[in-house]
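Residue numbers (the UniProt record's numbering): 1 to 501.
Keep in mind the hints are simulated off the structure, nothing from the lab. Incorrect hints may have been included.
Below, simulated DSS-like cross-link-like pairs (lysine-lysine); rule was C-alpha separation at most 25 Å, straight line [what the hints assert, rightly or not]:
#	residue 1	residue 2
1	Lys-202	Lys-103
2	Lys-216	Lys-250
3	Lys-216	Lys-195
4	Lys-140	Lys-80
5	Lys-462	Lys-80
6	Lys-195	Lys-140
7	Lys-209	Lys-224
8	Lys-140	Lys-462
9	Lys-80	Lys-38
10	Lys-224	Lys-200
11	Lys-80	Lys-250
12	Lys-437	Lys-462
13	Lys-202	Lys-250
14	Lys-437	Lys-467
15	Lys-195	Lys-209
Here the structure is a predicted model, which is why all the values come from computation and not from measurement.
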Amino acid sequence: MASLVALIIFIAIAISQAVATTDDVILEIGISNESQGKNLTELTMQQISLAIPYFSDNGEIRRMINNTDAYNTLALSALKCCQELLPLAIDNLNRSLSTDVTKGGLMSMTCAAGTNMQTCVEGFEDQPQVMFESVYNKLKYPIDLNRGITKIMARSNNKSDLLKKDSDYPGWLSDGDRNLLLADSKINADVVVAKDGSGKYKRISDAVKNAPRFSKTRYVIYVKSGVYNENVNIGSDRWNVMMFGDGMEKTIISSNRSHGAGLMTYDTPTFAVRGEGFMARDIKFANTAGAINGQAVALLSDSDRSVFYRCSMDGYQDTLCANSKRQFYRECEIYGTIDLIFGSAAVVIQKSSIFVRKPVPGQDNVITAHGETDSQCQTGIVVQTSTIQASENLKGVSTFLGRPWKPYATSVFMQNNFNDLIDPRGWRPWNTTPGAKPTPDTVFLAEYENRGNSAMTTGRVKWKGVKTSLSFAEASGFTVGSFIQGKDWLPATQVPYDLGL
């Protein structure tokens, strides 16, 4: 015990005094086993807990906002997001210590905690420098500690000591549930939502509020046809919720929150889900704010092992936020303009249709914007066997496969039909302002066996991180089986999927 305490003190002193980077500290002390990793995780949770009061309604950041000259709606929205994100980071790290988390889930939860903290910091990037630096400095230590945890995982000589073994079926799904989710069978709902009063609830949020907490079995909510104008939030304590409707053009959840209305992007989703094991089927998630109002999320998922089947995500900029953890989308329709699929998750989208809309005049369309700041987190956006097409006349508008949001951005397009839509350059920089920093060499932007005239790669940008023709072996690393460990959890859902290429 004394040696473990000494280890924690050593790490804290070394990082806080900046005598070495987190990477150097780990190399020096040779962390390589489960107990040391656990203690570093507990230290990280402790440091996040110490930071939380700083972001309270009576904390230092709120006082700084109050001292600004005008009513700062964006800063208040950023503060609200941090109040949600930091406890969520603790939840994710605490979950990573659970004995029923698989090896893929362990890394997923740890990386998600880093994303939570990073998103909090990014909310203040456009605020006065003194405010941004205050937030950055407050969270830099726990962010560095969290990266230390992922380095432990990557460098452990005996990963069986650190990572739990994946099972054939996830422990959170009982035997009885395996016959519940057949794709074309009648599903028995636990509760019904109907606008006409024929169900137990008229509002989806009320059904979610009364769902069981930390359920080990499916809780099924049937949402009848209708347009439900509400913002729905499925919290991190609502596990294994399944929601299904009467079809993506019949059951519609709609709202219009946007950055243009003074909200941070993370604060705009029409539908947000954070509880693990979420499933949705035959529903449309819409944000009607329009192109003129900037970032406006229709669907945000922070749910590990989440599945969206035959769903529609309907918006303009930032339509689908695959924010963190492992996610799967099948036979969906996704509408948008700029960064229409973005986030820091490990996500595979299969056999879906991506419809590109007309943006504000002078803007380009960008399909993906993945962001990752931790080199050890194997996250990315994978679009496979899908179709990309224009939903309207896009004359004069350039459409790109993506732009790298952060240093370790990963976007992969495999076996898709591009039609004639994609700009020959393929990818565009995050920032096109003259004099902006070049795209980092650490990004990974790749293509494999796509079809259509615009799938020709001879005109692609010549960045180091652009891979115009992956090998079969390389592409196989981004399949459902490899990238999101789908063989360990998708069979239980009974949703169709392709495990490989």
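We went through each hint and held it up to the structure:
1. Lys-202 <-> Lys-103: Violated - the C-alpha atoms of Lys-103 and Lys-202 are around 40 Å apart, more than 25 Å.
2. Lys-216 <-> Lys-250: This hinted pair is violated, its Cα atoms lying about 30 Å apart.
3. Lys-216 <-> Lys-195: violated, 29 Å
4. Lys-140 <-> Lys-80: holds, 19 Å
5. Lys-462 <-> Lys-80: Violated - the C-alpha atoms of Lys-80 and Lys-462 are around 41 Å apart, more than 25 Å.
6. Lys-195 <-> Lys-140: violated, 46 Å
7. Lys-209 <-> Lys-224: holds, 18 Å
8. Lys-140 <-> Lys-462: violated, 34 Å
9. Lys-80 <-> Lys-38: Roughly 30 Å between the alpha carbons, so the hint for Lys-80 and Lys-38 is violated.
10. Lys-224 <-> Lys-200: holds, 11 Å
11. Lys-80 <-> Lys-250: Given pair Lys-80, Lys-250 is violated - Cα atoms ~33 Å apart, limit 25 Å.
12. Lys-437 <-> Lys-462: holds, 16 Å
13. Lys-202 <-> Lys-250: holds, 16 Å
14. Lys-437 <-> Lys-467: Distance ~21 Å between Lys-437 and Lys-467 Cα, so the pair holds.
15. Lys-195 <-> Lys-209: holds, 17 Å
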